Amino acid sequence: MKSILKKISSYTNRSDRAGYFFIFPAMCILLIFMILPLAASIVFSVLKFDIMWNKVEFAGLENYIKAFRDARFLNALKNTFLYTAAVVPGEIILGLLTALAIYKNGKLHNFFRGVFFMPVVCSMTIIGIIWMFLLNPDIGTISWYLMQMGMKPVAFLKVPELALPTVIVVGIWKDFAFPMVIFMAALNNVPVSYYEAAEIDGAGSVAKFFRITLPSIMPSITFLIVTTLIKSFQVFDQVKVMTDGGPLRRTETVVQYIYIQGFENLNMGYASAVAEILFFIILVFSVVMFRRLQSGEEM
Amino acid sequence: MKKRKKDIVVKIAIYIPLVLLAVTIVYPFLWLICTSFKMESQIVTWPPVLFPRNATLNGYRSIWTRIPFLKYYWNSVVFAGGTTMIALLFDSMAGYAFARLNFKGKNFCFWIVLCTMMIPFQVIMIPLYMEEFKAGLIDTYAGLILPRAADAFGIFMMRQFFISLPKDLEEAGRIDGCHEFRIYYSIIVPLCKPVFATLGIFIFMGNWNELLYPMILTTSEEMKTLQAGIAQFMGKFTVEYGVLLAGACLVILPIMIAYMMAQKYFIQGIAMSGMKG
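Top to bottom, those sequences are chains C and V. For the first sequence, the numbering used here begins at 1 and goes up steadily by one. For the second sequence, the numbering used here begins at 1 and goes up steadily by one.
Derived by calculation from the structure, the hints in this document are not laboratory data. As the structure is a computational prediction, the values presented were derived from the model and not from experiment. Worth double-checking, as some hints may not be accurate.
Claimed, not checked - Cut-off 30 Å, straight-line C-alpha distance, at most; resulting in silico cross-link-like pairs (DSSO-like, lysine-lysine):
(1) K48(C) to K66(C)
(2) K66(C) to K78(C)
(3) K2(C) to K107(C)
(4) K5(V) to K104(C)
(5) K78(C) to K231(C)
(6) K231(C) to K158(C)
(7) K5(V) to K2(C)
(8) K264(V) to K104(C)
(9) K264(V) to K167(V)
(10) K167(V) to K193(V)
(11) K66(C) to K231(C)
(12) K5(V) to K107(C)
(13) K231(C) to K104(C)
(14) K104(C) to K104(V)
(15) K104(V) to K5(V)
(16) K104(V) to K48(C)
(17) K208(C) to K11(V)
(18) K104(C) to K11(V)
(19) K167(V) to K107(C)
(20) K107(C) to K193(V)
(21) K231(C) to K264(V)
(22) K167(V) to K106(V)
(23) K264(V) to K11(V)
(24) K158(C) to K78(C)
(25) K107(C) to K71(V)
(26) K104(C) to K167(V)
(27) K107(C) to K11(V)
(28) K66(C) to K134(V)
(29) K6(V) to K208(C)
(30) K5(V) to K208(C)
(31) K134(V) to K71(V)
(32) K5(V) to K106(V)
(33) K264(V) to K193(V)
Chain V with its partners taken away, still in its complex shape (with noise of 0.2 Å):
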């Protein structure tokens, strides 16, 4: 009896912080939400009421023409998305045959991939905005999407997954003669779907919310993404803002519908990450 009344109330001083941090996560989510629906008079009223009184759209209506917020959303999904594909493709076929293929110079090859994996973006920053600007490439997709095309991490896990699948998948379609790529799409891409919705989920969210990147390699409005253009109306408009959370609102709504619904795959990427060290 006596172990059973210390186990509850170790379980009590266990949940209490955990509920209390729960609260404080949740909250701000749901504070956002509540005033992009407020009226601006509520959102400044002291003091502060959480859920709105009479609900307006006022916010959502006005923020597709106060700044260019579709033309944002547009470059966001461009961006995100383009990167996300055009970088699963490079990333699986170097994995692929770092993992399965041999070739000379195979190990000096990926010794350079990771060594970029420790090239922090502010070093490279100038030098690729002055690389950019002289190719003509600042303010186009293919300047923002061309440097993400490939990343070192994203070889890493692919080469891993690989590394993991039966040796001897390939020998069958290389008896039958088939060439390596025709190997690579017919047999090998099939299986790595589960990767494939990690990997994209977390190259997507981690393009999505990007700031610093999108914010240099485009200077007119009409290129900046989500974030960057968001960013740039914080400052401008301050007193609009019921407008600004309504903006704040429908840039994150993609990454958290997207979290709802594959919450599992999210985390399983992020856990993945880390055990690779």
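Okay, chain C solo, but in the shape it has when bound (with noise of 0.2 Å):
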């Protein structure tokens, strides 16, 4: 045992060697749990199989071509935007608005941040959860309320119009915290002479805002929305858990559509196809995104 520690460790002096030795539990982990993956995923999209192998086909664009065929998958996909259109903003303006209420530092201010930071570190299921009880027309506080003020009480989930808006809510008020803790990070960096000088050249606090505040966090705003993007892009937890899809399909999205057709119907083809059609709109739009944001950046 010694003398073949002795040989690793007459390996692992070499500079080199060390350096292999220690990036290859992590890079073996990567490479086959998420590079292999990948390039099978990329394989799975152009055959046709069923789950025991038995009849795999070449299958060229087929199913690239059959999904854009799909109208299932085509309202999957306008709820996704729809879901991403809404909460990207909403989130990033919310944790604006709420930093720059809180993010000069003192104890009042950290008790809010830590008080709006909860619904974050909790999972979507436990939050979906609790809104659908709280929604809920017949026994939920949400109705109550709403009675209180004479309006009747409104099935939120159960409404084709009105599902996608709530979820759409709910996901805001869950994530709405991470933005504004980016954001106050940002702000306390800017520093104090900046607004000093503004303020002796006669800036009022609106010129302040838009000349030295937002320019100097625009790197945060840039991040915040690349990844709020991303993020909103592969909404699965709430719509499973507080609608399941429904009602009518309207809150179906894109990523609970792969699972379907992968797990339920068994079409693992056709998903991986779909997964692919994801994965390219979202890195088209984050390289879209990413370089208009870098040139305002850049002014």
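Got two chains here, each in a separate frame; can you build the complex from them with the hints?
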């Protein structure tokens, strides 16, 4: 045993080998469980096969073409786009407003920060369960408040027009503190001297905000838009728990559709194609957003 | 005097929405805790009451027998805890190498790591499932832990941290003829405590809260994690609200406790993930 260790250590003393040794476990994991499946996913998407690998056919782009003719997929795509278009600005603007209100250090402000961040650390599953109850027209607190205000109780999650907006609001409610915390750090990094110089020049609050604050936190805004975009396109947990894609598939999202096709209908090739399409969309949006905002930063 | 009045008005204008917002955050959690102690009849009563009249532990008692809650709990602990410990080790080793060691192909490897950050889970979930199915890893702890035992974000965070350490730290060890791993665990690792705390919480929390990933990789009741188990329970037993909500409370309890105690680390970890950009 000792001689084997000695042999190994005679290798690892050389810096090169040491490097390989240290990255070996992590690289193995990443290669086997991320890169390999990614390659496989692309391969699957051009095949047609069933779970038992009995009839494996090369299908070329058939799965992709099928997707774009698939009304259910297009519906899921629409829902996902709507969700993203609402949640990204919603979370970021609310996060920015609250950050502006509380970023200056102080016990009271730390308290607010602690409170707002609570839903972020909870799982969407539990949050979804809680809100399902609160929004219930028969026993939920929200309905009771509506009645107090003279309105009729509404089945938020069952009315087709309201289901998606409701899910969106819950999504924003849960995660807005994430942008808020990032903004707070960024705002605290803006040198006070900038504001002082502006005051000397007679700038009012509005001017200070648009000329100093906003440009200074641009990198954080870019980061948040891109990450929230990516996260929102992948929405699954809340729609699975709160509405299961209903009513009438009004809240069914792309990821949910991939899950259904792959694990319920067992059309693995098709599901892989849909997943690749999603990947591509996310990639394109992220790159475009990132480029546009970066050029904004350089101004 | 005029400026003072304006200041107060502005302050009120800011604080009122803040307090209202805080109420919308706190209320659902308060409601969850209160309702988990209510009897079934009180939960479905109208008008709804917040505080329970006759508090009962019925929900908390039944949850353990209604569904294999203890098993779910144990699975979540093993999954989240095991992944965190192993990931901290692998991520810090890799991060250290990328930050402080030199070897051929270092940049290429790091570039691969960064690329994996861009891969959304849904793209690989089907092939990952098939991979694990072929390898017999479905419904095993190893199957849950291994794919998450290293992650690009953690490697990146560790690398940034190691870069910030003083340059000559390892020199003393090298002069003494220690081999690299000894240097690593004797000198470097003890300095990692704050990063380990932050990253560790981040990883633990992420894995504890995961729904889709464990849902896919476990099929038997025995191996489901809390999130997957409770999501399933919701569909089946829609009338036993008290039990369901008691279970929900127990699911978020560990995270909430950890959050209350180490709020600073949670928020720091999140903020750090933002500053890297």
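Here's how the hints hold up against the structure:
{"no.": "1", "hint": "K48(C) to K66(C)", "result": "12 Å, holds"}
{"no.": "2", "hint": "K66(C) to K78(C)", "result": "17 Å, holds"}
{"no.": "3", "hint": "K2(C) to K107(C)", "result": "58 Å, violated"}
{"no.": "4", "hint": "K5(V) to K104(C)", "result": "21 Å, holds"}
{"no.": "5", "hint": "K78(C) to K231(C)", "result": "16 Å, holds"}
{"no.": "6", "hint": "K231(C) to K158(C)", "result": "25 Å, holds"}
{"no.": "7", "hint": "K5(V) to K2(C)", "result": "80 Å, violated"}
{"no.": "8", "hint": "K264(V) to K104(C)", "result": "16 Å, holds"}
{"no.": "9", "hint": "K264(V) to K167(V)", "result": "28 Å, holds"}
{"no.": "10", "hint": "K167(V) to K193(V)", "result": "19 Å, holds"}
{"no.": "11", "hint": "K66(C) to K231(C)", "result": "26 Å, holds"}
{"no.": "12", "hint": "K5(V) to K107(C)", "result": "23 Å, holds"}
{"no.": "13", "hint": "K231(C) to K104(C)", "result": "29 Å, holds"}
{"no.": "14", "hint": "K104(C) to K104(V)", "result": "47 Å, violated"}
{"no.": "15", "hint": "K104(V) to K5(V)", "result": "67 Å, violated"}
{"no.": "16", "hint": "K104(V) to K48(C)", "result": "41 Å, violated"}
{"no.": "17", "hint": "K208(C) to K11(V)", "result": "18 Å, holds"}
{"no.": "18", "hint": "K104(C) to K11(V)", "result": "13 Å, holds"}
{"no.": "19", "hint": "K167(V) to K107(C)", "result": "37 Å, violated"}
{"no.": "20", "hint": "K107(C) to K193(V)", "result": "26 Å, holds"}
{"no.": "21", "hint": "K231(C) to K264(V)", "result": "24 Å, holds"}
{"no.": "22", "hint": "K167(V) to K106(V)", "result": "19 Å, holds"}
{"no.": "23", "hint": "K264(V) to K11(V)", "result": "26 Å, holds"}
{"no.": "24", "hint": "K158(C) to K78(C)", "result": "19 Å, holds"}
{"no.": "25", "hint": "K107(C) to K71(V)", "result": "41 Å, violated"}
{"no.": "26", "hint": "K104(C) to K167(V)", "result": "35 Å, violated"}
{"no.": "27", "hint": "K107(C) to K11(V)", "result": "16 Å, holds"}
{"no.": "28", "hint": "K66(C) to K134(V)", "result": "28 Å, holds"}
{"no.": "29", "hint": "K6(V) to K208(C)", "result": "18 Å, holds"}
{"no.": "30", "hint": "K5(V) to K208(C)", "result": "22 Å, holds"}
{"no.": "31", "hint": "K134(V) to K71(V)", "result": "25 Å, holds"}
{"no.": "32", "hint": "K5(V) to K106(V)", "result": "62 Å, violated"}
{"no.": "33", "hint": "K264(V) to K193(V)", "result": "14 Å, holds"}
When the structure is compared with the earlier hints, violations turn up for hints 3, 7, 14, 15, 16, 19, 25, 26 and 32 and for no others.
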